[in-house]
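*Asks:* Convert by adding 65 to the 1-based position in the sequence shown; the result is the number in my numbering.
Be aware that a few hints might be false.
[Stated by the list, open to error] Below, a list of computed lysine-lysine pairs in the BS3-like style, where the Cα atoms sit at most 25 Å apart: (1) K221 <-> K203; (2) K228 <-> K203; (3) K77 <-> K228; (4) K312 <-> K350; (5) K77 <-> K221; (6) K203 <-> K214; (7) K200 <-> K228; (8) K77 <-> K214; (9) K131 <-> K228; (10) K200 <-> K221; (11) K77 <-> K131; (12) K350 <-> K315; (13) K315 <-> K334; (14) K350 <-> K334; (15) K334 <-> K312; (16) K228 <-> K214; (17) K77 <-> K203; (18) K200 <-> K77; (19) K200 <-> K214.
[Stated by the list, open to error] Pair by pair, the computed Cβ-Cβ distance ranges are: (20) V88 <-> F151: 20 to 30 Å; (21) A306 <-> T134: 30 to 40 Å; (22) G344 <-> A306: 23 to 33 Å; (23) I216 <-> S175: 34 to 44 Å; (24) A260 <-> A359: 55 to 65 Å; (25) K312 <-> E369: 11 to 21 Å; (26) I367 <-> S227: 18 to 28 Å; (27) K214 <-> P361: 18 to 28 Å; (28) P361 <-> I98: 43 to 53 Å; (29) A306 <-> A346: 20 to 30 Å; (30) I84 <-> A224: 22 to 32 Å; (31) S188 <-> A260: 13 to 23 Å; (32) A289 <-> K214: 33 to 43 Å.
It should be emphasised that the hints constitute simulated quantities derived from the structure, not laboratory data. We put the CB at the ideal spot given by N, CA and C, even for glycine.
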Amino acid sequence: MKKEGLLRQGNKSALMAAIVNAVISVIKGTAYIFTGNVAMFAETMHSLGDSANQFFVFIGSALSKKRPTDRYPNGFGRVVNLVLLFAVIIVGIMSYETIKEGIHHIIHPSESTGLWINISVLSAAILLEGYVMYKAMKEVIRETNSQAKGIAIIPKSFANLSKAKPATKLVFMEDLVATSGGLIAIIGILLSYYAGLHAAEGIASIIIGAMMFYVVGRVFLDNAKGVLGEADDELEAAIAAYIFTNKEIKDIKALYAMKEGEDYHIEMKLEIEPDISVGQAIEIKERIENYIQAMPAVTDVIIEFEEDDHVPTWNKGNPNPVP
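Taking the hints into account, I'd like the entire structure generated from these sequences.
*Replies:* This is the structure:
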């Protein structure tokens with residue numbers, strides 16, 4: 066597959082977020098240079114970090130779609146998890162700088178200028194980041210096969226966020242923090258300007274940095290699981306429920322739904338009666354494969370048959386691993 070074609074398969078939400086945050090970081094950085102506002106510095110670092118790692122996410126999600134090769138027969142699905150682990154390092158560094166600057170401002174508070182420049186820039190940034198977050202919400206709804214329209218998209222996207230693809234989840238979380246961080250920065254600036262609480266800008270910077278660290282922690286843990294290979298219990302249960310609608314299947318000896326990057330690898334061992342012919346077994350296998358491969362993000366299905374031993378094996382709460 067050509068590089069141009071590969072990039073077209075990258076996560077569109079991540080690319081849009083990267084572009085928007087790059088523009089926002091330039092605007093915020095310019096405002097910080099003219100006003101010296103520490104809360105604006107925090108927001109500049111935040112948007113810059115978001116833009117950088119969202120671009121990495123876009124590249125990683127595209128590379129994860131690369132077809133398997135002789136050297137890498139299992140494909141590149143987990144590349145997106147590795148890229149996201151690298152991306153959180155960038156956010157972690159930005160978080161540290163943001164908190165450090167906030168602490169410095171609390172110890173040595175100073176009055177900043179350009180109130181309306183800061184408020185205007187932050188308000189515009191909140192609107193843009195809110196728009197990107199709403200697009201990420203719609204992507205969550207699409208990826209999780211949920212049904213929601215209009216205002217219902219907001220609560221539904223939060224409820225299904227854990228089931229979304231890693232790249233979409235990162236964009237969602239970063240823009241949620243970015244939007245709320247903008248509001249916190251505005252509050253800190255207003256308290257500093259009207260109440261004379263100049264340390265409020267430093268406190269706002271620390272809160273923003275702490276929220277960034279929260280995203281770092283969540284993304285790191287989620288993608289560490291992805292790199293190691295995480296089983297999806299809900300998908301396994303859904304597949305098992307369908308398998309038992311096939312009267313020829315007497316038991317499930319093993320069922321394994323492994324998440325690899327943004328895709329799922331399904332492997333199972335099923336028990337059937339010994340008098341079923343080879344032709345019937347092939348028909349059953351194709352029927353189950355077609356049904357499972359029609360599920361979102363499922364790319365590979367491996368099915369093995371064994372003779373029914375008349376001993377119930379499948380336990381929905383504690384399924385056996387594939388040997």
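*Asks:* Each hint should be assessed against the structure and marked as holding or not.
*Replies:* Against the structure, the hints come out as follows:
no. : hint                      : result
1   : K221 <-> K203             : holds, 10 Å
2   : K228 <-> K203             : holds, 13 Å
3   : K77 <-> K228              : holds, 18 Å
4   : K312 <-> K350             : holds, 13 Å
5   : K77 <-> K221              : holds, 20 Å
6   : K203 <-> K214             : holds, 9 Å
7   : K200 <-> K228             : holds, 17 Å
8   : K77 <-> K214              : holds, 20 Å
9   : K131 <-> K228             : holds, 22 Å
10  : K200 <-> K221             : holds, 13 Å
11  : K77 <-> K131              : holds, 17 Å
12  : K350 <-> K315             : holds, 14 Å
13  : K315 <-> K334             : holds, 11 Å
14  : K350 <-> K334             : holds, 11 Å
15  : K334 <-> K312             : holds, 16 Å
16  : K228 <-> K214             : holds, 18 Å
17  : K77 <-> K203              : holds, 12 Å
18  : K200 <-> K77              : holds, 10 Å
19  : K200 <-> K214             : holds, 12 Å
20  : V88 <-> F151: 20 to 30 Å  : holds, 23 Å
21  : A306 <-> T134: 30 to 40 Å : holds, 36 Å
22  : G344 <-> A306: 23 to 33 Å : holds, 26 Å
23  : I216 <-> S175: 34 to 44 Å : holds, 42 Å
24  : A260 <-> A359: 55 to 65 Å : holds, 59 Å
25  : K312 <-> E369: 11 to 21 Å : holds, 19 Å
26  : I367 <-> S227: 18 to 28 Å : holds, 26 Å
27  : K214 <-> P361: 18 to 28 Å : holds, 19 Å
28  : P361 <-> I98: 43 to 53 Å  : holds, 46 Å
29  : A306 <-> A346: 20 to 30 Å : holds, 21 Å
30  : I84 <-> A224: 22 to 32 Å  : holds, 28 Å
31  : S188 <-> A260: 13 to 23 Å : holds, 20 Å
32  : A289 <-> K214: 33 to 43 Å : holds, 35 Å
Consistency with the previously given hints is maintained throughout, with no hint failing.
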